[in-house]
Amino acid sequence: MTAEEELAQAEALAERHSQLAKEASKLPPEQQTQYIFEGMRQFRTEYRQEFLKNK
Amino acid sequence: MRRLFDSELRYIENVLRYRNGGTLAVVGEVETEYYSSPRNNAPTHFNTDYFLQFSNDLENGKSFCAPILPNTAGAEVFVMIDTRTRTLLRTDLVAGEAFPIELYDSFLDNIDLKLMALPRRFAIRECAYNRVFVINNEICFLSFPTESSPVVRGDKSLLNTGPDSMIAYYTDNAEVVCVDGWIRTSVAQSDWKLEAIPK
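Protein chains in written order, with this note's numbering: chain A, 1 to 55; chain B, 1001 to 1199.
No lab work stands behind these hints: they were computed from the structure. Glycine residues also receive a C-beta, built at the ideal position from the N, C-alpha and C atoms. Incorrect hints may appear among the rest.
[Claimed, not checked] Label-pair ranges, simulated between beta-carbon atoms:
# : chain 1 : residue 1 : chain 2 : residue 2 : range
1 : A       : Ala3      : B       : Leu1103   : 20 to 26 Å
2 : B       : Thr1146   : A       : Gln49     : 39 to 45 Å
3 : B       : Thr1083   : A       : Glu6      : 21 to 27 Å
4 : A       : Tyr47     : B       : Thr1083   : 21 to 27 Å
5 : A       : Glu15     : B       : Ala1042   : 28 to 34 Å
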């Protein structure tokens, strides 16, 4: 990954986190970390697959 | 409600600096916080996921993120701020346990060296709760020998403070119950990244 690609990935992760945190904040605290963990895991997997496909 | 530990504010500022996210104008008190149990059934809590929320209104929140260990990807800390008011809204550690404590060895040695000046022996690797982030050439750490999540208790003292480090410790009945601080370090950037693959 180049520095530009890394930065793009970091921005995409941050954007997804922002969406997930807003959704998660409506849940009880004990469910929020798991909701964000699962959402980020799925997003990271899809991002990685897309990245490798476009290489 | 509680105020942030020094290491917490420092890592939050480091994430923003690392991502050119600007500076904070308002840092409120923690309104809601939650700490996950270890996902790997480890006996101690090392970089277990958590969140701290400072406001219930996240509508105008924008997040920034940084890996918690240099030259790695897959364990990140996120900081959400309101970009109009520069108010801190929330911070999350996500997949913090992706990399084991052994990968932090050299940074823990650095902390150990500084903690030798404490009035009592303090074995950071034996703590019930440890948080160690290395972001922007600084090690930020928060450690509790007996608590499995951060708790504010005891009397605060400064172990040292200067341009390259700041370490505070809390004592309760002459026992050190928490160490909290940051140490400047140097990190060589690698072309190779250790990546935690999602399962």
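Status of the hints after comparison with the structure:
Range check, alanine 3 (chain A) to leucine 1103 (chain B): about 23 Å between beta-carbon atoms, so the 20 to 26 Å window is met. Distance hint for threonine 1146 (chain B) and glutamine 49 (chain A): a CB-CB separation of about 43 Å, consistent with the stated range 39 to 45 Å. Remark: the range hint 21 to 27 Å for threonine 1083 (chain B) to glutamate 6 (chain A) is upheld by a beta-carbon distance near 22 Å. A hinted range of 21 to 27 Å holds for the C-beta pair tyrosine 47 (chain A) and threonine 1083 (chain B), which are about 23 Å apart.
Under the hint 28 to 34 Å, the C-beta atoms of glutamate 15 (chain A) and alanine 1042 (chain B), about 31 Å apart, fit the expected range.
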